[in-house]
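Novice: Chain by chain, the residues:
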Amino acid sequence: MPYQQRLVTLAGYAVLLITALIFVFLVQQSWPFVREHGSLVFFTGDRWLPVSLPPVFQIGGFLVSSGIITGVAIIIGVPFGVLAAISLAELLPPGVSVIFRSIFEVTAGIPSVVFGFLGLKIVAPAVAGLLNLPTGLTGFSAGLVLSIMILPTLVSLSEEALRAVPREYAEASYALGANRWQTIWRVIVPSARGGIGAAVFLAMGRAIGETMTVLMIAGGRLAMPTSIFDPMRPITALIASEVNNAARNSMQYHALFTAGLILFIITFAVNAIAASVIVGKKAR
Amino acid sequence: MVAVQDTKIMLRDVSIYYSALHVIKSVSMSFLDKEITAIIGPSGSGKSTLLRSLNRMNDHIAGMRVEGEANILGSNVYAPTVDVVALRRRVGMVFQKPNPFPKSIYDNVAYGPRLQGQKSKVELDGIVERSLTQAALWHEVKDRLHASGLALSGGQQQRLCIARALAVDPEVLLMDEPASALDPAATAKIEDLMLKLKEHLAVVVVTHNMQQAARVSDYTAFLLGGELVEFDITRKIFTAPTDKRTDDYISGRMG
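Line order of the protein sequences matches chains A and B.
The first sequence runs contiguously to residue 1429 in the working numbering.
The second sequence runs contiguously to residue 320 in the working numbering.
Same shape as in the complex, but just chain A (with noise of 0.2 Å):
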């Protein structure tokens, strides 16, 4: 094998290695935590008391508030998404597309504090006024302004689905007396569900591991969640806002560490079904 090809195949297993090593570290870290508190109610219960005597670590209300948030930005996000996607695959002249295009990409490089803020001055303000909430930092806030940031994610990859659609596909749709809708709706749309499947997923990934944006917007309450209009804190913001106060190497610092475990492993799970819905797809 050549030396450059040796290379590029030792940096594909570098990458491999890399990740690996990351869950290695984590599991590491969170096994002081596992060996002496690791329980189901771990998962199930919503107190966390980390500093109490004795301490309690329960992660319940932080797993349903991520799946709340991320809930709402998939089903918010997802229409929105994919109608854009075809109005660039499909219906804009091809110049304008462009644009549209750049600008979506643009959108993917703002940092999430700028969403933060956003989120902070214009969408928490707005949801409390026109829910009449007491306020307005609830997950369904924090959903609201992760729709926007997935999509990038989302019209990008569903519009490389529709585009990849055999021409051969709509021309016969055409013949058989179809209209434009008609060939979009029922032929092209339907032949790229297994990519825009794959873009779901993957702004899935994307919102469930968002950090900044919900850490500003959520509101934080610890407790497990009763309503989508709740303040509430999801995992990522739960580690982000205590990791720098435990004590290292405390009780508190391995269980933060396990609640990162299970949210690389949920992050993980998701990718690689995107991933397999890719893949298969190929396949075929």
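Don't read these hints as lab results, they were simulated from the structure.
Treat the hints with care, as some may be off.
Taking CB as the label site, the calculated pair distances span [stated by the list, open to error]:
1. Leu-1237(A) with Asp-124(B): 18 to 28 Å
2. Leu-215(B) with Gly-1274(A): 24 to 34 Å
3. Arg-1325(A) with Glu-134(B): 40 to 50 Å
4. Thr-1280(A) with His-211(B): 45 to 55 Å
5. Ala-246(B) with Leu-1237(A): 26 to 36 Å
Not everything, but these chain B residues come out facing chain A in the computed CB check (under 10 Å) [unchecked claim]:
6. Tyr-82
7. Gly-109
8. Arg-155
9. Gln-181
10. Val-233
Everything numeric in this text was worked out from a predicted model, so none of it was measured.
For glycine and all other residues, C-beta sits at the position ideal for the given N, C-alpha and C.
Based on these hints, arrange chain B on the given structure of chain A.
Specialist: For chain B alone, coordinates are given in the frame of chain A:
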């Protein structure tokens, strides 16, 4: 008793331009019901362009312009008032490369009728069976109608595409080199099928396989550089062509 044959399509001085390119040059010819008309000619002679102009599948090409009169099923299809969607329902098309949708066999055939608002399962079942039978595919797929159309062999896929086109009951079927992507056995099946189909409708087939044109067609048109060189009964074209260029082409001295 003389059978009266309908003229399904009549072209009078039809010219087609792609911007400045003069692709079809003042072609006049007609296509009869219950006959197969073959359009032959070397690559780039405008065969496909001419075929696709018959159900206006060239419309999306920027700079495309048509002059002359294309009278199809009684109306000039390039008149501004023509309903293109309705035209395409009456003039079906089969493409060079089999292009079934990534849907089930059933949904492929039911696609056209469903577009027209047919929702009754009983009706659709009937249409699917009838169309697949007409396309000589029913016995091969009747037990797996809900399997993907893409799981079929190339020849079966092409017959599925024919069934899909037949499902909306067209009066004319346009076939753009329908067997060029298939092996000889599958090609023979498609040709048999064409002979059966012409009992019900007008078939127009573009091919650069001259044996195929000779085997299946009743009339043959020879196109060269966008010009209709000769148009006659197939036997005449292949045994006693009038134009020297036709003679050169069919005897392999050109193309």
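Novice: Taking the beta carbons of Leu-215(B) and Gly-1274(A), is their distance inside 24 to 34 Å?
Specialist: 52 Å, violated
Novice: Please test the hint of 18 to 28 Å on the beta carbon pair from Leu-1237(A) and Asp-124(B).
Specialist: Given a distance of about 19 Å, which is inside 18 to 28 Å, the answer is holds.
Novice: Does Arg-155(B) meet its interface restraint, that is, does its C-beta lie within less than 10 Å of any C-beta in chain A?
Specialist: 9 Å, holds
Novice: Confirm or reject the claim that Thr-1280(A) and His-211(B) have a C-beta distance inside 45 to 55 Å.
Specialist: 52 Å, holds
Novice: Between Ala-246(B) and Leu-1237(A), does the beta-carbon spacing fit 26 to 36 Å?
Specialist: 33 Å, holds
Novice: Using the beta carbons of Arg-1325(A) and Glu-134(B), state whether their distance is inside 40 to 50 Å or not.
Specialist: Check failed, 27 Å falls outside 40 to 50 Å.
Novice: Do the numbers back the hint for Gly-109(B), that is, is its least Cβ distance to chain A under 10 Å?
Specialist: With a closest approach of 20 Å, the Gly-109(B) hint is violated.
Novice: Holds or violated: is the Cβ of Val-233(B) closer than 10 Å to a Cβ in chain A?
Specialist: This hint holds: Val-233(B) lies near chain A, its Cβ roughly 6 Å from the closest one there, short of 10 Å.
Novice: For the hint on Gln-181(B), just tell me whether its beta-carbon gets within less than 10 Å of chain A.
Specialist: Holds, about 7 Å.
Novice: Have a go at the Tyr-82(B) hint: is there a Cβ in chain A nearer than 10 Å to its own Cβ?
Specialist: Not OK, violated: Tyr-82(B) not within 10 Å of chain A, min 21 Å.
When the structure is compared with the earlier hints, violations turn up for hints 2, 3, 6, 7 and for no others.
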